[in-house]
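Trainee: Following the hints, put chains B and C in place on chain A, whose structure we already have.
For reference, the chains in residue letters:
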Amino acid sequence: MSEPVLSVENLSVRIAGLHILQGVSFEVAPTGVTVLLGRNGVGKTTTLRAIVGLTPRNGEVRGTIRMGARSLLARPTHRLVRDGLGYVPEDRCVFAGLTVAENLRLAERRGTTPAYDKVFALFPELDRRGRQRAGSLSGGQQQMLAIGRVLLNDNRLLLIDEPTKGLAPKVVTEVAEVLERVAESVPVLLVEQNLAVVRRLARDAVVLSTGKVAWTGDAQELLLETALTKSLLGVGSEVAESARSESGPRAAQSRTKDGIA
Amino acid sequence: MTEVKSPEVAAPPEAVPDELTPGHSRWLGLRPYAPLAALVVAAILPYSTLNLPGVFEGPLNSPGTLQLLAICLVFGGLAAGYDLLFGRTGMLSFGHALYFAAGVYGTDILITRFGLPLWQAALFTVVGGAILAALLGAVALRTVGIAFAMVTLAFAQVGAILVARDFGGLTGGEEGLPLDVSGLPSALVGVANTVNLYWLALAYLTLVVFVVHRVSGSPTGRVLAGLRDDERRIGVLGLDPYRFKLVAFALAGGLATAGGVVYCLIVGGASPHVTSSELTLSLLVMVVLGGPGTRWGPVLGGILYMYLDHRLTAFGTSDAVNSLPAFLSHPLSQPLFVLGTVFILAVYFFPGGLASLRSRLTPVLAALRRR
Amino acid sequence: MSTVILLALTGLGLAALYFLVASGLSLVFGLADVLNFAHGLFLGVGAYATWWAAGNLPGAGPGGFGFVVAVAFGVLAGALVAVLVELVLIRPLYSRTIEQVLVTVGLSLAGVALLQATWGADPRPFPRPAWTREVTSILGANVPNAGLLLIIAAVLVLGGLLAFLRFTRYGLIIRAGVENREMVTALGIDVRKAFTLVFAIGGAAAALAGALGGVYFGTVSPGQGGSLLIFAFIVVVIGGMGSVVGSAYAAVAVGLLQQFVNYYGTSGLGDLCVVGLLAVVLLLRPQGLAGKVAHA
Chain A
0 MSEPVLSVEN LSVRIAGLHI LQGVSFEVAP TGVTVLLGRN GVGKTTTLRA
50 IVGLTPRNGE VRGTIRMGAR SLLARPTHRL VRDGLGYVPE DRCVFAGLTV
100 AENLRLAERR GTTPAYDKVF ALFPELDRRG RQRAGSLSGG QQQMLAIGRV
150 LLNDNRLLLI DEPTKGLAPK VVTEVAEVLE RVAESVPVLL VEQNLAVVRR
200 LARDAVVLST GKVAWTGDAQ ELLLETALTK SLLGVGSEVA ESARSESGPR
250 AAQSRTKDGI A
Chain B
0 MTEVKSPEVA APPEAVPDEL TPGHSRWLGL RPYAPLAALV VAAILPYSTL
50 NLPGVFEGPL NSPGTLQLLA ICLVFGGLAA GYDLLFGRTG MLSFGHALYF
100 AAGVYGTDIL ITRFGLPLWQ AALFTVVGGA ILAALLGAVA LRTVGIAFAM
150 VTLAFAQVGA ILVARDFGGL TGGEEGLPLD VSGLPSALVG VANTVNLYWL
200 ALAYLTLVVF VVHRVSGSPT GRVLAGLRDD ERRIGVLGLD PYRFKLVAFA
250 LAGGLATAGG VVYCLIVGGA SPHVTSSELT LSLLVMVVLG GPGTRWGPVL
300 GGILYMYLDH RLTAFGTSDA VNSLPAFLSH PLSQPLFVLG TVFILAVYFF
350 PGGLASLRSR LTPVLAALRR R
Chain C
0 MSTVILLALT GLGLAALYFL VASGLSLVFG LADVLNFAHG LFLGVGAYAT
50 WWAAGNLPGA GPGGFGFVVA VAFGVLAGAL VAVLVELVLI RPLYSRTIEQ
100 VLVTVGLSLA GVALLQATWG ADPRPFPRPA WTREVTSILG ANVPNAGLLL
150 IIAAVLVLGG LLAFLRFTRY GLIIRAGVEN REMVTALGID VRKAFTLVFA
200 IGGAAAALAG ALGGVYFGTV SPGQGGSLLI FAFIVVVIGG MGSVVGSAYA
250 AVAVGLLQQF VNYYGTSGLG DLCVVGLLAV VLLLRPQGLA GKVAHA
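So the protein sequences, as listed, match chains A, B and C.
When we follow numbering that gives the first Met the number 0, the leftmost residue of the first sequence carries the number 0, and every step to the right adds one.
When we follow numbering that gives the first Met the number 0, the leftmost residue of the second sequence carries the number 0, and every step to the right adds one.
When we follow numbering that gives the first Met the number 0, the leftmost residue of the third sequence carries the number 0, and every step to the right adds one.
In short, the hints are calculated from the structure, not lab data.
Treat the hints loosely; a few may be bogus.
Stated by the list, open to error - Listed below are several chain B residues computed to face chain C (Cβ distance under 7 angstroms; list not exhaustive): (1) V39; (2) L131; (3) A133; (4) L134; (5) I145; (6) T205; (7) F342.
Ideal placement from N, C-alpha and C gives every residue a C-beta, glycine not left out.
If we strip away everything but chain A, and leave its shape as in the complex, we get (with noise of 0.2 angstroms):
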């Protein structure tokens, strides 16, 4: 097996006093969509977070993440998304008071052509709505804009926090088009609760149970056992066949605003 793109070891996260990961260890691919599964509130987001160098101040981030050969812990986030790490958090979170040009325009570095033409190919409704303002897109959109500023610049891997959550099913497939083509140029590594979806994209699953790591492997393999996908995600497949409109509730812990709760 080539070089994984990022490795986790043993990584542990306390937030508030509440130990959320305890003791993550997981590799990603150099190529494909490696998907980060498990039942809400299990530590997925916190997870990518915690790559991302976001993990809010009353936070404590233990163990190894590694980005080639480089550390990653102990970085700040904008270096990192500088160095190639591109993030596409949860709830979108494009700046609903901007215009969609200029949400586009913020993700520009000093020194790089950001790639419109690439961007403008994949989602060219962004070129036409350029003067709209963000908050005013529907969520399908918006989704499209938080992946199209991120790939305004080249990136060595692709974060992506729960794109397809409270789409309609037409605009989750188009998502998951867009990120099949996406993930033939960069690694991803995807939180996803829409079975069909990681049926479509996912070549390695991660799954997460209560903070440690419960299973890994194929993907493909992990959605074929009915019984192991029921017992880990809490859903049969033919639940996962219908695209989900809404995720259920989740624990407080994984949601933050903006990362100082």
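Mentor: Only chains B and C this time, still in chain A's reference frame:
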């Protein structure tokens, strides 16, 4: 963003005073009685004629020294009450001066303008102060964090304006309102009876410490601590954060009002500076210097702050300071400059305040004993 | 009629003063979550630096172009002090909101005491061009020129700030950061540089308020910033944290309300009405007139 951090463990100080090391284990057995002993010492202190040159201007039992000590004790109590909000519930109120001022002016006006006997004036004032705190708290607590701080600040400003503009001729405006002592019990009047005021202040401090201790040990206190650490968790438990915070706010307001009553008697009147936002800010400084959320930290912080505030004025005009070059002597003659600077340094280097000193010293002590 | 016009224009003059202080406070709070109690100090620094420059700085003086130089010096001093405060005191406590507030509280106490130690507690006469002491007749009302000067300055600052926020890269970062600071860093931007910038802008605006406030009141004293600061806080909360436009609206509302009620009612009643307005706005719209929710 309202949470207050528990003291962070920092590098222990390098030098340890020798007298702190021996007899450590014996001291531990006596520790529960230490507050009682301190209370007894404080209570019999006025019988001492000890002269501490440089520390106090007269002997301990001189009226001047006793008055200063009484003021210090009142502010120790005020700081402990304020800590109920800041250190124990995580509420950053910038309007606490309002309730203290309500106590000072309420007592003064009811006695001087309306001729009420002291006990009635005190009772009405304290009840009124608590109700005022409950009403204003009910509005202010609709906001959280920094907005809450600003709103309480604005409410306190109303108090300052009301007092300064002298609506209805009650407050005496900028001049203040001297207390009419003719109707007071004779034991509280006159320079010779300062000692009784001192005891009154000590009783107030004891009351506040007792109340705060009881509250923080009760189930309510644990909910308040939970609010400080993570408000959402309390909400998840099905408890209404608003109601608990309102109770704490009204209680702290009532305690501050009671402090105002005592202060009014000690200084014999009211002056507009008790309404100023600087008073609240200094309460905050006292609590942070002492150690927020600890039992004795705020008390010590309050006592020490008021002592320094009074004594630094004398220090600033002393010959030692005057002989320094102007760029040093001028700032040093401003107590607020010294206290503000000390405060900033404390925020950086002593986040747990005075109360954290022992825990900072403990590892060092342990290391020394092992040797 | 002329009374109403006079009250409206002096009210707007007051509003201009509030806006100059509040706009910086609001931006600093909106972006960095720092409730800056030391903002009054920036105002004091601006006032004293202008006062000092008018008497001592070569080329500066109490009238004509010299006065412009003196004010520019004051504004520069305010911005410089603000940047130093941010770099030395605020930045090491990055995202530790309560400690940052505490530090600015300590700074406001120590800073004002330092001004007092250096120049004394008593108000000093402020140097000002002769024309600012005169009045201009507008629709029959004799309006003090100093008030008009404040209004013009505030309008220029408002326009400049809006243009800056709208058309520059840093303006974009600040607007985005007010909405969601974390996401700005997640796009690879070092948001702390923007912090320093808003402190500089806020410090400069407050210093301008100090200098022009000195012209308006005719004197300068160490405590001047503190009393203005409380009303500026009220303006910020009413206007909505982080919103420059909201601050402008709120400043006008507060200034006019205060002036009219203080004139037609009892003196001081206007100040109370302002706090009443604050309570009403909070009950109806906790996030202020414009701007983000003042969350914890």
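Trainee: In ascending order, which of the hints set out earlier in this document are inconsistent with the structure?
Mentor: 1, 2, 3, 4 and 6
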